[in-house]
Amino acid sequence: MGKIITLNGNGAIAEAIRQIKPDVVAAYPITPSTAIVQYVAQFVADGLLDCEFVCPESEHSAMSMCIGAAAGGGRVVTATASQGLALMWELLYIAAGLRLPILAGIASRALSAPINIHGDHSDSIGARDAGWIQIFSENSQEAYDNFIQAAKISEDFDVRTPAMVMIDGFITSHSTENVIVEDDKDVEEFVGEFKPLYPLLDVEKPVTLGSIDFTNYYFEHKRNQIEGIENSRRVILKVADEYERKFGRKYGFFELYKIDDAEIAVVLMGSAAGTGKEVVDELREKGEKAGLIKIRVYRPFPYRELQDVLKNIKAIAVLDRLMSPGAYGAPLFTEVRSAVYDLKKRPKIINYIYGLGGRDIAPDHFKQVFSDLEKLKLNRYKGDVVNYLNLRG
Amino acid sequence: MVTLRELSAIEDGFVAGHGLCPGCAIPVILRILLRATNDPVIVSNATGCLEVCSSMFPLNSWRIPWIHSAFENTAATAAGLESMYRALVRRGKISGNKNIKFLAIGGDGGTYDIGFQALSGAMERGHKILYVCYDNQIYANTGGQRSSATPLGASATTSPAGTASYGKVQWRKDLTKIIAAHNVAYAAQGAPSRWQDLYNKAKKAFEADGPSFLNVLTACPTEWKTDPDQSIRLTQLAVDTCFWPLWEYDNGKYRITYFPKDKKPVSEWLKVQGRFKHLFLEENRYVLEEIQKRVDEEWERLNKLVSP
Numbered sequence: 001m002g003k004i005i006t007l008n009g010n011g012a013i014a015e016a017i018r019q020i021k022p023d024v025v026a027a028y029p030i031t032p033s034t035a036i037v038q039y040v041a042q043f044v045a046d047g048l049l050d051c052e053f054v055c056p057e058s059e060h061s062a063m064s065m066c067i068g069a070a071a072g073g074g075r076v077v078t079a080t081a082s083q084g085l086a087l088m089w090e091l092l093y094i095a096a097g098l099r100l101p102i103l104a105g106i107a108s109r110a111l112s113a114p115i116n117i118h119g120d121h122s123d124s125i126g127a128r129d130a131g132w133i134q135i136f137s138e139n140s141q142e143a144y145d146n147f148i149q150a151a152k153i154s155e156d157f158d159v160r161t162p163a164m165v166m167i168d169g170f171i172t173s174h175s176t177e178n179v180i181v182e183d184d185k186d187v188e189e190f191v192g193e194f195k196p197l198y199p200l201l202d203v204e205k206p207v208t209l210g211s212i213d214f215t216n217y218y219f220e221h222k223r224n225q226i227e228g229i230e231n232s233r234r235v236i237l238k239v240a241d242e243y244e245r246k247f248g249r250k251y252g253f254f255e256l257y258k259i260d261d262a263e264i265a266v267v268l269m270g271s272a273a274g275t276g277k278e279v280v281d282e283l284r285e286k287g288e289k290a291g292l293i294k295i296r297v298y299r300p301f302p303y304r305e306l307q308d309v310l311k312n313i314k315a316i317a318v319l320d321r322l323m324s325p326g327a328y329g330a331p332l333f334t335e336v337r338s339a340v341y342d343l344k345k346r347p348k349i350i351n352y353i354y355g356l357g358g359r360d361i362a363p364d365h366f367k368q369v370f371s372d373l374e375k376l377k378l379n380r381y382k383g384d385v386v387n388y389l390n391l392r393g
Numbered sequence: 001m002v003t004l005r006e007l008s009a010i011e012d013g014f015v016a017g018h019g020l021c022p023g024c025a026i027p028v029i030l031r032i033l034l035r036a037t038n039d040p041v042i043v044s045n046a047t048g049c050l051e052v053c054s055s056m057f058p059l060n061s062w063r064i065p066w067i068h069s070a071f072e073n074t075a076a077t078a079a080g081l082e083s084m085y086r087a088l089v090r091r092g093k094i095s096g097n098k099n100i101k102f103l104a105i106g107g108d109g110g111t112y113d114i115g116f117q118a119l120s121g122a123m124e125r126g127h128k129i130l131y132v133c134y135d136n137q138i139y140a141n142t143g144g145q146r147s148s149a150t151p152l153g154a155s156a157t158t159s160p161a162g163t164a165s166y167g168k169v170q171w172r173k174d175l176t177k178i179i180a181a182h183n184v185a186y187a188a189q190g191a192p193s194r195w196q197d198l199y200n201k202a203k204k205a206f207e208a209d210g211p212s213f214l215n216v217l218t219a220c221p222t223e224w225k226t227d228p229d230q231s232i233r234l235t236q237l238a239v240d241t242c243f244w245p246l247w248e249y250d251n252g253k254y255r256i257t258y259f260p261k262d263k264k265p266v267s268e269w270l271k272v273q274g275r276f277k278h279l280f281l282e283e284n285r286y287v288l289e290e291i292q293k294r295v296d297e298e299w300e301r302l303n304k305l306v307s308p
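Chains as they are written, first to last, in the numbering used here: chain A, 1 to 393; chain B, 1 to 308.
These are computed hints drawn from the structure, not numbers from a lab.
Treat the hints with care, since some could be wrong.
[To be verified] The calculated lysine-lysine pairs, modelled on DSS-like cross-linking and capped at a C-alpha distance of 25 Å, are:
1) B/Lys264 - B/Lys304
2) B/Lys93 - A/Lys195
3) B/Lys93 - A/Lys185
4) A/Lys377 - A/Lys367
5) A/Lys21 - B/Lys304
6) A/Lys205 - B/Lys128
Build the full structure now, drawing on both the sequences and the hints.
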């Protein structure tokens, strides 16, 4: 039996890290993810976690160490945010290309300039094409559950792809909640022992990792890499199923909130879902057929499953906590819109960019979105396709 | 003292078939290095000539475990591997009896410049790795751009000699001394021409109780604009002119490991290389004098460091 502990998002991820027993943790401090590694350092200092905890001189070296360590043949964890994740960018591709199951806890935060330490998804979605599995969490409980599942997904032999688990910087990372933390033994049993695949430390069977490919092989190798993340679709659901059976909490590619008979719906990721659900409840009481879809797995993007859900909805608003300068809508919007394009009866779909640099999103903002959706549903919407929520001027 | 006969009886960890240029001194250095320990070696290779030319998929020249990650992070990659080794040995998941050695290797670009931060970090944290820089004084892999190891007066593609320039205007970074200042277990400068000296240093470096560093001068016929059969002679000329003195930092002590019988003028080393050709024009004589003056000063300074 697990126990309820009061934790913030960073603490929840740290608990998961302690319980999955990584062999090496290498991380550099950056707000708002710093506390994750501080907790890990304390666990090691208190003898609660037996791992090599190393403090490199930068996030670039942190991810480089993770690559070296994972290539050695063991479980490896890091945590970062914002500029730190941006500094790792070059290596994120290498970790994925070498098929190393590294785990990263990300407290999503805005990117400079101007410098801003608060939460948005610019950093994590910025790493979108690096080849990592990306799982977003609404709150600390999900962060904990997601991180444990990420280990099992990432290390699956059909997947062997690194994974990052996101929480919203400060909103989730620093808010204290009650979190069910399962028994150490149960988590250990669930995740299982790390099984190395072609470990570099096996000197009897020397392998070459990261050799140079020319035009004659590179494309095929990159294509092979896709198999891992595509296989993860099946494994993500399998692991979620096992997790539900063992711990009772249900997960999928996304969470559907009052969507069965919904005619209008918002699609979003992360902590804002909580506020959105409150507003959906209010609207439902008034008899409006409103719903919410919270994307949990952004990479691989669950487009097929999403098509199935969205085909019955008349008007959709996609809420993005980042912008993509010069693009026709922000990343989640373009992804969702691309998914529904193939539907015979295409829902109408608009985009709201919100919450950059930690800007609040309140119930009234959701009400505004749903009111726009009502108009959109009835062909009376006069606004733009791409909009900004709670932005002055 | 080890003999060539003994060394030649040892199996190569790095074998033929690589694509390095004729006359490149890197393979010579590597074969000396890899023979200097009987323990298994795992290599972390920075992006550069050696990496590109030895790992052309589906072929490669390595008979030992090898990883390439990126240009600037080979020290960090090796440090990660070494951390995993310690973790797995401590947890009893693998045997510690094998005494695995971790060799990080990169050129001067990946070491003096872009990889400097990761190198400094790994040395400071005390990872038990041997970092070897093969210093050919130029970004050879990308076509001859200047690095912070490029000597004053050398013509490089990004510091070319021309009517208004005599080539690179800065002195080279003294990386070996900087690394010694990290209080590492062992740091030394070597050259393939003094192979016994290099072998001894590599042995000490592999066995050092902590991070160790070797900076090895490597001739590059392509970018030094020299004949491929001159490489070993050229590295010896660099040593004999004291442009590249052979010394070591061992347990806090500096020691010169080779004193030239008669110290040759630095122009002996410069004049045979195309990259310094322009320095021998009348209008650039002053640069030659400046180089000689600086080499003499550095040599004197090193001697003082050894016997204060």
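Are there hints from earlier that the structure breaks, and if so, what are their numbers?
5
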